[in-house]
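Q: Residue numbers (the working numbering), protein chains in the order written: chain L, 1 to 325; chain E, 1 to 325.
Check the hints yourself; a few may be wrong.
[Claimed, not checked] A few chain E residues facing chain L, derived, Cβ under 7 Å:
#: 1; residue: A18
#: 2; residue: G62
#: 3; residue: I128
#: 4; residue: D132
#: 5; residue: D145
#: 6; residue: Y146
#: 7; residue: L148
#: 8; residue: Y195
#: 9; residue: L281
#: 10; residue: V285
#: 11; residue: L286
#: 12; residue: T294
[Claimed, not checked] Label-pair distances were calculated between CB atoms; the ranges are:
#: 13; chain 1: L; residue 1: R98; chain 2: E; residue 2: A194; range: 52 to 62 Å
#: 14; chain 1: L; residue 1: A311; chain 2: E; residue 2: D107; range: 52 to 62 Å
#: 15; chain 1: L; residue 1: G177; chain 2: E; residue 2: K156; range: 39 to 49 Å
#: 16; chain 1: L; residue 1: E273; chain 2: E; residue 2: D107; range: 45 to 55 Å
#: 17; chain 1: L; residue 1: N224; chain 2: E; residue 2: R225; range: 30 to 40 Å
#: 18; chain 1: E; residue 1: R225; chain 2: L; residue 2: P189; range: 31 to 41 Å
#: 19; chain 1: E; residue 1: E271; chain 2: L; residue 2: A204; range: 37 to 47 Å
#: 20; chain 1: E; residue 1: E69; chain 2: L; residue 2: S137; range: 28 to 38 Å
#: 21; chain 1: E; residue 1: S197; chain 2: L; residue 2: S30; range: 46 to 56 Å
#: 22; chain 1: L; residue 1: N224; chain 2: E; residue 2: E218; range: 56 to 66 Å
#: 23; chain 1: L; residue 1: G177; chain 2: E; residue 2: E229; range: 31 to 41 Å
No lab work stands behind these hints: they were computed from the structure. Don't be surprised by glycine CBs; every beta carbon is placed ideally from N, CA and C.
Number of protein chains: 2
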Amino acid sequence: MEESSLLPPVVLVHRPPALDFIDEHLSRHSFTALYTHTSLEDSLQDFLSSHAASVRAVVSLGRLPIPAEFISNLPSLEIVVCASVGFDHVDLDECRRRGVVITNAGDAYGEDVADLAVGLLISVIRRIAAVDRYVRSGQWTRLWDYPLGFKLNRKKVGIVGLGSIGSLVAKRLEPFGCIISYNSRNPKPDVPYAYYSNILSLAADNDFLILCCSLTDETHHIVNREVMETLGKNGVIINIGRGGLIDEKEMVKCLVNGVIWGVGLDVFENEPEVPEELFGLENVVLSPHAAGMTAESLNNISEVAIANLKAFFADQPLMFTVQLD
Amino acid sequence: MEESSLLPPVVLVHRPPALDFIDEHLSRHSFTALYTHTSLEDSLQDFLSSHAASVRAVVSLGRLPIPAEFISNLPSLEIVVCASVGFDHVDLDECRRRGVVITNAGDAYGEDVADLAVGLLISVIRRIAAVDRYVRSGQWTRLWDYPLGFKLNRKKVGIVGLGSIGSLVAKRLEPFGCIISYNSRNPKPDVPYAYYSNILSLAADNDFLILCCSLTDETHHIVNREVMETLGKNGVIINIGRGGLIDEKEMVKCLVNGVIWGVGLDVFENEPEVPEELFGLENVVLSPHAAGMTAESLNNISEVAIANLKAFFADQPLMFTVQLD
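Only chain L is shown next, with the shape it has when bound in the complex (with noise of 0.2 Å):
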């Protein structure tokens, strides 16, 4: 135990090929990475048996699974790392069975999250995906046979979920005119925007909702069918939370008969499985769950988790560790 303290902490990298910006990081810090992708075509139970003992730490980035049975080839492992801000793609339980201690992003991509939910709802209700698509494709004449857009000043925004996100987005839309209110579970002190308790109503009186909730049982499926009927057929959603807010199936249905106007969507079901029907439609922009993956938030949400191993091998408080009970 003195003498493996000594020896630089061995940890394990688990990632996608393309997301490498952490590596750097740790090769300038006194860390034995191993990664696990450069093994993805053998079986990753056999890297993890090899290896599995000198394993104290997993540097998690992308959000690849890290189930119960990956923990418990780790023996020696203490700490999971979180290069995000979701931590669901970690088997918890097992994690507070072994006392492994989970850190996640905390706010880090808040600000890239929110200028993104604002760039995609600009985006859609001034066409800008399409008229990009329209220029390019060497139609543009004299005349003016491109679809109109719709204007963003004293449109109804409602904001599901007002957390640091949700106060964010509704920070940014005050400078183009738009009337902000917000669903969320309580009222928030000091807050100047109108509350509802039920997103229906919030539906009803609003002409765009911002969906930067979180996903529980509670906000699974909360835009429903109902939902996007009462909002109507100039209705704009924009969901930068999670898929899971949305019902996808109905939502397509909406949007292919016009129940509402279009959706701008960060995030999806099942991903990276995007519905077909989508790829078609000009009232729609897609987004690959890339809100908070801007360069600069990279290397910030890189120097936290490096700062997290280093404080943690030296007993040193931990920044965003998560709460397992």
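Starting from the known structure of chain L, arrange chain E on it as the hints suggest.
A: Same frame as chain L, but now just chain E:
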């Protein structure tokens, strides 16, 4: 004269076929409307000659040219109502000589143009149109192989031309955490942003440039190769002013060679011609001079145009009269 003033004034609408938003407004009021586009197959000259004597007003939409020859074919013409902010498609010398009054759309489009400027900026730096193409192509897998965007927070944004639209853009970008500065002929009083007396020093100190000024002899090609080299390889330019503000040929080279990072363009030097080299670039978002084109704004503009026509023929004061000297 007495008799003709009792008849409904004849209004000649000069517009592209698809821009029909004002027709209903004209028919609801007591105007006799003639349309040049219905006879585009014949020569415009013939059309004008056969209706010439009766036409007392022209409504101009879509910036179709109104040269001296057009005006001199209409001996009874008294007013040209432009449903656009720009009026450089009308021969101003001929109007001045004839005493023909011109009105424009005032600031009817300002908010929409500012909204699109912000939408283009977020679309370029967060690659919204590019990732939309990526997801639609069915390529999205867990490999995270799409290109990363950049953060808006703490970025320095230089606004070229802090008039009404530039100010609306600045106001919208503040809550994104952008640091605003500007260039204009003279410093503006009561403005909280840093002033730069020339565009080169503005480019040197900023990450992004947003072009919001009008096109004059002084601002023609204000963004030349030197400005782009000074802005640098992470620089982004958004143009919602006029195409001629940028040396377009040099801009294409700078984009292809990575001298600047990307552009978002609503306007081009030789519209509707767009340099074909842009069609294949991923760091570019293209819009067909549509910054002011929302359903609501077109309706507002129609109402302004009708109000001006009614006021003119009732000898009442006009809105947004263009000063011709």
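Q: Min Cβ distance, Y195/E to chain L: is it shorter than 7 Å?
A: violated (21 Å)
Q: N224/L and E218/E, beta-carbon distance inside 56 to 66 Å?
A: holds (57 Å)
Q: Do E69/E and S137/L keep their Cβ atoms within the hinted range of 28 to 38 Å?
A: holds (34 Å)
Q: Against chain L, with CB atoms and a cut of 7 Å, does the hint on L286/E hold up?
A: holds (4 Å)
Q: Please test the hint of 30 to 40 Å on the beta carbon pair from N224/L and R225/E.
A: 55 Å Cβ-Cβ, so the 30 to 40 Å window is violated.
Q: Can we keep the L281/E interface hint, with Cβ of chain L closer than 7 Å?
A: Hint on L281/E: violated, closest Cβ of chain L at ~9 Å, above 7 Å.
Q: Falls inside 31 to 41 Å, the C-beta gap from G177/L to E229/E?
A: holds (38 Å)
Q: Under 7 Å, Cβ to Cβ, is where Y146/E needs to be relative to chain L, so tell me if that hint holds or is violated.
A: Since the shortest Cβ distance to chain L is 6 Å, the answer is holds.
Q: When the nearest CB of chain L is found for A18/E, is that gap smaller than 7 Å?
A: holds (5 Å)
Q: Holds or violated: 52 to 62 Å for the Cβ distance of A311/L and D107/E?
A: holds (55 Å)
Q: Less than 7 Å between beta-carbons is the criterion; does I128/E satisfy it with respect to chain L?
A: holds (5 Å)
Q: Once the shortest beta carbon distance from T294/E to chain L is found, is it less than 7 Å?
A: This interface hint holds because 4 Å falls under the 7 Å limit.
Violated hints for the displayed structure, listed by number in ascending order: 8, 9, 15, 17 and 18.
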